[in-house]
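So you can see what is in the structure, the chains are spelled out below.
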Amino acid sequence: MHFLEIIKNLSLVQWAFYFLSILTLYGALGTILSKNPIHSVIYLVVTFFSISGIYIMLNAQFLAAVNVIVYAGAIMVLFLFVLMFLNLKEESTEMKTSPMLIAAVSTGLLLGLILIATIRKAEITRVNYNDFDPNTGLIETLGMVLYKNYMLPFELVSVLFLVAMSGAILLGKREKGESHF
Amino acid sequence: MEFILLIKGLIILTIFALSLGIAAYETYFERVIAAYIQDRVGPDRAGPFGILQPLADAGKLFFKEDFIPTLADKGLFIIGPGIAMLTALMSSAVIPFGDTLLIKGQYIPVQGMDVNIGILWVFGIVSLGVYGILIGGWASNNKYSLYGAIRAASQNISYELAMGITLLSVIVVTGSLSIRTIVGLQHGIDWNIFYQPVGFLIFVTCSLAECNRTPFDLPESENELVAGYHTEYGSMKLGLYLFSEYVNMFISSAIIASLFLGAYNYPGMDFVHSFLTGKLGESFGHNLATVLGILVYILKIFFFIFVFMWVRWTLPRFKYDQLMNMAWKWMMPLSIVNLIIVAAAELSPYPLLFNYIGLAIFAFLYFGSRTVYNNKKSKL
Amino acid sequence: MQLTNRSKKTDKSDLSVLEKTYFPGVAKGMAITLKHFFSKKATIRYPEEKRYLGPVFRGHHILKRDEAGRERCTACGLCAVACPAEAISMVAAERVKGEEHLYREEKYAANYEVNMLRCIFCGLCEEACPKQAVYLRHDKFVPVFTSRDQVIYGKDQLVEDMDNRYTRDAWTKEDMQELWEKQK
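Chains A, B and C are the protein sequences, given in the same order. Letter 82 of the first sequence, counting from 1, is numbered 82 in my numbering, and no numbers are missing. Letter 90 of the second sequence, counting from 1, is numbered 90 in my numbering, and no numbers are missing. Letter 136 of the third sequence, counting from 1, is numbered 136 in my numbering, and no numbers are missing.
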């Protein structure tokens with residue numbers, strides 16, 4: 001009864017939050033539980049999309065848009081693209097052996113344990129509603145912070161990406177004598 | 001507050017109906033324009049001038065057999081067209097169809113929602129649009145569908161980059177991601193197309209590619225892939241795919257018109273506004289001026305829809321290597337150069353003049369170096 | 001080996017830098033299609049608008065009458081013999097006294113039937129007829145059948161109506177030839 005009472009008194013924002021959270025979790029569980037890799041990717045897209053919804057609820061519009069464009073729109077499309085080339089008829093044999101399975105499960109559990117432990121210990125700074133700037137998540141503020149306070153790391157990251165990009169081109173380039181296909 | 005919500009809801013409903021209605025009539029216009037370009041007259045049997053043709057087409061599609069292949073992934077096969085349609089319709093939310101309506105002393109913008117990141121929203125939704133095709137093509141369990149889907153994905157990703165960079169050069173000029181602000185800064189005839197003609201051309205080409213329209217309609221090239229990603233589709237599922245293409249066309253025309261041609265801005269709009277408010281009173285005059293602006297915007301959108309169709313019935317399809325060469329070796333570098341020129345010109349005292357100077361210098365350098373290179377090569 | 005002088009040499013040299021951008025080619029093509037957009041349309045909206053098919057088009061059969069309104073057909077059967085599809089059949093009868101105003105010859109076709117499912121509209125009956133009685137109309141098609149009993153056309157559908165006589169510019173091939181010469 002108490003549970004029903006809580007559900008009844010949820011505000012619109014809370015409804016939205018719980019809906020998005022459940023959708024996120026559903027997507028995440030679907031990603032790891034579905035047997036078909038294509039389905040996994042699509043579940044993951046659902047997760048990204050609902051995470052973007054949560055970002056929007058936090059008024060971090062830019063982050064939400066970029067999350068959709070970069071992760072859901074580009075990276076997952078590439079994932080799907082590559083997966084479609086694979087021959088999915090053959091079951092992969094890697095996860096069949098029991099030592100593999102045990103190792104995977106124990107690693108996952110350990111990771112989960114560490115995560116929970118850290119999150120429990122972490123100090124969560126409560127936001128004061130009265131003097132909180134609602135423009136924090138907007139792109140203007142973000143731009144100011146990135147290009148003023150974090151100028152050097154930002155530029156270094158961009159250089160890193162440039163290096164990664166040229167490295168990928170170099171690796172992907174066909175060398176002399178290599179077979180053409 | 002309640003009243004404003006009501007008006008807002010009405011505006012959203014109107015925009016939704018408008019984008020569906022225009023998309024429906026695009027199918028008719030497409031056929032008529034194709035016919036006129038080929039010296040025919042097109043559909044003219046259903047109603048006067050054939051204007052009931054879209055209804056006839058939809059009715060036909062509804063009554064066809066809804067077929068799902070045995071080995072298809074059933075769930076994905078069904079949601080594929082739905083995703084295509086959903087993503088196509090979602091982006092119309094942020095398009096500013098007009099200035100404000102003055103109702104009971106309050107200015108209400110004629111727009112679904114004016115978000116801070118409007119153009120990114122459109123861009124994000126467009127990048128999601130490929131999922132409809134990708135999922136439908138894969139779920140059909142047909143190799144031609146799969147080829148179509150893969151082509152769609154690679155093409156969309158490739159052209160998104162050049163499109164994004166061109167978008168960036170517009171954003172550099174306006175300094176805002178909100179489409180309303182971008183449009184507002186192109187007041188009168190101060191349109192972005194005059195500042196960045198190269199950007200405009202790149203953007204139009206990329207939107208052709210994003211909409212999978214000819215000459216970039218490789219995903220559904222019928223002479224190679226039967227019908228591409230919708231080979232296995234029939235009935236209204238096929239209808240949704242085709243329809244979403246037309247909705248996309250409408251949306252991209254609207255985006256081009258708002259980014260480069262100033263949406264509801266037209267020369268002499270201030271004069272018209274002051275004239276109307278002077279003659280007909282503050283409220284009615286303002287609203288009438290807004291309606292005029294909306295009509296101008298719709299005219300611009302129709303112009304671009306016409307251009308899309310004109311291109312479709314003129315140009316043959318690119319080969320796949322030409323498509324990729326164009327995306328990566330022409331569009332990408334050119335859009336980056338355009339961005340640099342625009343950014344540099346923006347810092348100068350006369351942006352318009354310096355833009356053209358920059359473009360002229362670039363053209364001179366490029367063509368000059370090519371000529372020198374070619375001469376040297378021919379001497380060898 | 002050169003067969004005609006109409007062949008055009010295709011230019012297979014490398015594209016220039018400007019041509020590689022595709023813009024000149026695209027602009028040229030767009031201009032051509034725009035020209036066609038505004039040009040006169042070739043379409044004829046068929047049931048409402050009909051095109052003149054020429055005087056020797058072979059359509060609906062007709063049994064001509066002469067100037068006095070008498071049937072020309074004498075039921076000689078040459079049309080039936082000439083017919084490659086064996087579509088024509090007739091029953092001959094002798095003209096009795098008092099029927100001179102109805103039939104020109106002493107023998108006439110009491111029954112004359114054309115099976116339109118068999119007919120191939122070749123016009124050999126027209127050529128075979130010695131009395132200029134059978135013609136294929138240039139201005140009327142045989143309509144679509146919706147049932148089998150509409151297929152056989154009897155005399156009621158074939159004999160010329162005197163109030164609405166059938167004429168055409170050229171009755172024979174020779175006439176047609178002359179007409180062409182004149183038009184040149």
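Check each hint, because a few of them may be wrong.
[What the hints assert, rightly or not] According to the in silico footprint, chain C covers these stretches of chain B (three or more CB under 8 Å from chain C):
{"#": "1", "segment": "39-46"}
{"#": "2", "segment": "311-319"}
[To be verified] List of simulated lysine-lysine pairs, DSS-like, C-alpha gap at most 27 Å:
{"#": "3", "chain 1": "A", "residue 1": "K35", "chain 2": "B", "residue 2": "K143"}
{"#": "4", "chain 1": "C", "residue 1": "K107", "chain 2": "B", "residue 2": "K377"}
{"#": "5", "chain 1": "C", "residue 1": "K9", "chain 2": "C", "residue 2": "K20"}
{"#": "6", "chain 1": "B", "residue 1": "K74", "chain 2": "A", "residue 2": "K35"}
{"#": "7", "chain 1": "B", "residue 1": "K74", "chain 2": "B", "residue 2": "K60"}
Hints are computed from structural coordinates only; laboratory data are not their basis. Backbone N, C-alpha and C define an ideal beta-carbon position, used for all residues, glycine too.
The hints, checked one at a time:
no. : hint            : in the structure
1   : 39-46           : holds (count 4)
2   : 311-319         : holds (count 4)
3   : A:K35 x B:K143  : 22 Å, holds
4   : C:K107 x B:K377 : 94 Å, violated
5   : C:K9 x C:K20    : 21 Å, holds
6   : B:K74 x A:K35   : 16 Å, holds
7   : B:K74 x B:K60   : 24 Å, holds
Hint 4 from the earlier list is the only one contradicted by this structure; the remaining hints agree with it.
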